[in-house]
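Here's the letter readout for the chains.
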Amino acid sequence: MKIPLRSNRKKTAFEVEEELRFHIEMLERKYAQQGMSHAQAKAAAWKRFGNLERVKKQCVHISLRNSLLRRVLKTASILIALTGLLIYILSSDYKVARIGTVLIMIAVCGRLLVYVRGLSPNTHNESART
Amino acid sequence: MANERTDLMQGTLELLILNTLARESMHGYGIVQRIHEAAEDLLKVEDGSLYPALYRMEERGWIKSEWGVSENNRRAKFYKLTSKGKRKLEAESANWNRISKAITKVLQAT
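Line order of the protein sequences matches chains V and H. 22 is the number that the working numbering gives to position 22 of the first sequence; each next residue is one higher, with no gaps. 1088 is the number that the working numbering gives to position 88 of the second sequence; each next residue is one higher, with no gaps.
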């Protein structure tokens, strides 16, 4: 499970950086066309854009939160929980009802895993939301 | 001009983005430029602050992104409005009109 999440993070971070750097380069180009020197245009572009690293962290975090794998895990945990609940409610046999309980516990653990990964120190906590 | 710039009210950046994308799909840089042009540079929008807003809006399903080629032949990510985004824009525009009318009335009354 860790490997796809890691490679996904790397790919996402790369794409976010590419997108943000494109914006900064367009700003540099605009300022250079307005007559600024290369150094002045670069400084003005970075100033206008703001903190690249902070923006990048926020975007990667939001993007991963929205990733396909995460959505699949969320949906699967809901389905497993519902199945477990149905088995637990409808079953009259104690042993079968226990299977329902186990399924509910698996779903809760899966949901917690998704939640914890979303708040792990590697990800940004969006405290600086705009 | 810089001193006369006004900070955006919370939540209004999303409305401005939705409205900008209502005409055509655009990359982030294009969106910011269009907002600055339309507001005649009176709004204080830090360019970088646009992107977390764009990512959140995509997460909510209001906009969709895809990589394309920019006007200067660079790979760029373009955003476009979804049908959910169009409905959101209509609702938020109506809400904004109500709020601004109400505030104007209060200011004129005092």
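None of these hints come from the bench; they were simulated from the model. Take the hints with a grain of salt, since some may be wrong.
To be verified - Stretches of chain H that chain V covers, calculated by requiring three or more beta carbons in the stretch to come under 8 Å of a beta carbon on chain V:
no., stretch
1, 1026-1035
2, 1038-1052
3, 1055-1064
4, 1069-1083
It should be emphasised that the depicted structure is a prediction, and the values quoted were computed from it without experimental measurement. Even glycine gets a Cβ: it sits at the ideal position worked out from N, Cα and C.
Check the structure against each numbered hint from earlier and tell me which ones fail, lowest number first. No hint contradicted; all consistent.
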